[in-house]
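Using the hints provided, position chains B and C relative to the given structure of chain A.
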Amino acid sequence: MPALIKMTLRILLNRVKTDTLLKKNMTKFIKKEDLYKLLNSFLKDFEIIGPKQIANKGIFYEPLESIEDLYLGELFAIEPAKKFFLESSECLFHSGFLDGKATVQDAPLPDKRRIIIGLRPCEAKGLILLDKVFDSEYKDRSYINNREKSVIVGLACAKPDKSCFCTSMDGSPTGSRGMDVLLFAVEDGFIVEIYSDKGKEAFSSLGKEPDEHQNKTLSAYKQKRSELIGKNFKVPGDLSPIFESDYWDKVSFPCLSCGVCTYLCPTCHCFELVDEGRKMYRCNDGCAFSNFTLEASGWNPRPTKKERYRQRVFHKFDYFKKIFGENLCVGCGRCIRHCPVKMDISEIVSNAPSGAGK
Amino acid sequence: MIEELRNKARELLKTKQVEAVIGYQRASDGLSAIPCVIRSEEEAGRLIWDAACVYNLCGYLKDFRAKKLGIVAKACDVRAMIVLISENQLNRDDVFIIGMECCGVVDEKRARVSGRDGSDISSADKCKSCASCVPLAYDCLIKEKREKAKVSEDADKDKYEPVRKLEAKSLSEKSKSWKDEFKRCIRCYACRQVCPMCYCPRCVADQFMPVWFSKAGGIEGNFSWNVARAMHLAGRCIDCGECERACPVGIPLRDINRKIEKDIKELFGYEAGMKTDAKPFLACFDKNDPEDFIK
Amino acid sequence: MINPRTQELKNSRAESWEPKIAAFLCNWCSYAGADLAGTSRREYPPNIRIIRLPCSGRVNPLFVLKCLMDGADGVLIAGCHTGDCHYSEGNYYARRRFAILKKLFEFLGIDPRRFQMAWVSASEGDKWVKVVKELVEEIKKAGPILAKS
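Protein chains in written order, with the working numbering: chain A, 1 to 358; chain B, 1 to 295; chain C, 1 to 149.
Pulled out of the complex, with its shape left as it was, chain A reads as follows (with noise of 0.2 Å):
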């Protein structure tokens, strides 16, 4: 099975690549103080994206006009970052006449830089994946502009939910993996872990090097984050042969065909063009709703929810892995947590049939 050796060894290379630069790097503890008053500092040259909390309606990364408004507790964002990334509608050219002729013009890039503050080692993660589709045969203009102009600034998780899953996805709670720069909440601060040279540009200054109590903690941190996880299954190997299986219907029966779980998930990115007032835009759109293969004929090759739920799990666990190598689910947990009807992707695969025939 040459295909699964080539994917252990990318998956190995890249932790490996991971770990080097981790000891190459710096660490420094920073105060929580400092840290806003840092970030207040970057908030001329720099537009801060971050969580915020909404009273009564959960945790929003809106640009922060104040950093007072930053939330970088336990509590995990609704919405992932990657909609900083892959807009969720953004006018991608534009038509008109300039001079008397006809002519398309590409929609301008913002120029501004950004950091993005708080993300989860999922969401990081969740934009490697993305690169695959949007920066590597086929290079997005605007994906890959969103990518330059970001500084990412994690935060490791403190506490994982009950619907987290992230270290079956071959991540985990401290991944650093798409991260420039990593908080660890310690006691009265953070432990700062830098990884590139954005995250150098912006964080070197600051800091000192942790002690030795720090240390031990941050060790202890790491080490205990990974058993917090409740969730744990394998992906089965290759869901080709239960593709005709009548397992989709039945678990497929609960399924609203609504847009949450695409929506919310850090690496779905199917999208629509629509045409409005002689701009295009690209939106989300998700392969969820009934409609989302209904063609100009009227025929539509996914009419019933087991088309459609089957389609995303292969997406995820089957196509995706094929092509590129890794899943294309980062384990959050989103899609159950928020699921109208409480459906669960991971308990789906994990009991799906195995073998071939039915």
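Source of the hints: derived by calculation from the structure; they are not laboratory data. Incorrect hints may appear among the rest.
[Claimed, not checked] Simulated pairs of lysine-lysine, DSS-like, Cα-Cα distance not exceeding 25 Å: (1) B:8 <-> A:52; (2) C:102 <-> B:295; (3) C:140 <-> B:165; (4) B:169 <-> A:305; (5) A:57 <-> B:14; (6) A:250 <-> B:8; (7) B:179 <-> C:103; (8) A:305 <-> B:67; (9) A:234 <-> A:200; (10) A:37 <-> A:112; (11) C:10 <-> B:179; (12) A:57 <-> B:67; (13) A:52 <-> B:179; (14) B:145 <-> B:165; (15) C:102 <-> B:169; (16) B:262 <-> B:159; (17) C:103 <-> B:183; (18) A:159 <-> A:31; (19) B:179 <-> A:57; (20) B:179 <-> C:141; (21) C:133 <-> B:295; (22) C:10 <-> B:169; (23) B:287 <-> C:102.
Using the frame of chain A, we list chains B and C on its own:
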């Protein structure tokens, strides 16, 4: 109560009175419920009934058109079915309603947002103004044997009190607060999919020419979507609260729907979901309808 | 077709802003009444953009919503007086529908002056002029709908 429910389901399936029973089973987290369909007597053991059975199951009826089905239903769910029957979307004879005497369901939303694990058993907001634990229509009733929780204690209070409070705000306050709410809408349409009354095969939101609810930046599209959905539910919404529960970003949808419900009740004396032979509100008129707003 | 909203945004920021009001008129009564105002050479503000429909009952609340969202500063619906509808009942349905919509708009923070309804019969050219003049005055006071966005 659970055993009575399971036995009833077994009986219905054994005597072939129904082809399947739609009910609730335990979700993978061990606390919540998840909708399920039972097709044989052996499976009836999966059915559960407790305060976690929040969902309105009427939406699954359309998966089984022209077949006789059993459905586990609370009082609010039955009102939804009454509206569907009055709109010819459901045949009363095609459904065997297993009425459950309900003492209230959990407010899982509050539990989730505050980070607790969902074992918070305080009642959902909608239950506090519920007038009756017993459904208006049923083919068999499974009674609650425990002491009733305080569901109906507040039912005498003005159900529309929160709406009146919001109405009392100034125009600019209202405008700002609703803009802040609709700014968060991600157009996932969970509110539409979970609503038993939203059954249009092709929703107006999915139309292209014209695009009624723009996604082109700004808040106009989100505002239009929520207003249009509220108007399409005028005189049909029975306040099951599912839309607000399903909304991932916490938009107070019940406030909008209850505002319309209140206006319809106070101006026209009409309440949805009470009689199966009632004519839909906007499909009829009275010569004496108020017209003080017309010049 | 230029994106209507962008155009309206530009207009609303101009010094010389004039409100743009969409008006849905029923063919048999109010459109005829407006026409009578015209043939009688009555003057009234040009801010009204008339859309002719068979009946006020044809107006879908979505039309009103889309006009306001695309930048119309106000919307007017004019129809036959109750009892006089050419199709017997259309205006009764409209009356119910828009009673609800009007209250909903106010609840959600839209200035109630921006959405109005009037019964104008075919012989009421004078009333048409009065309705339009008052409406334009009120919308001018309410300001451009896109002012703050």
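Numbers of the earlier hints that this structure fails to satisfy, in rising order: 1, 3, 4, 5, 9, 12, 14, 22
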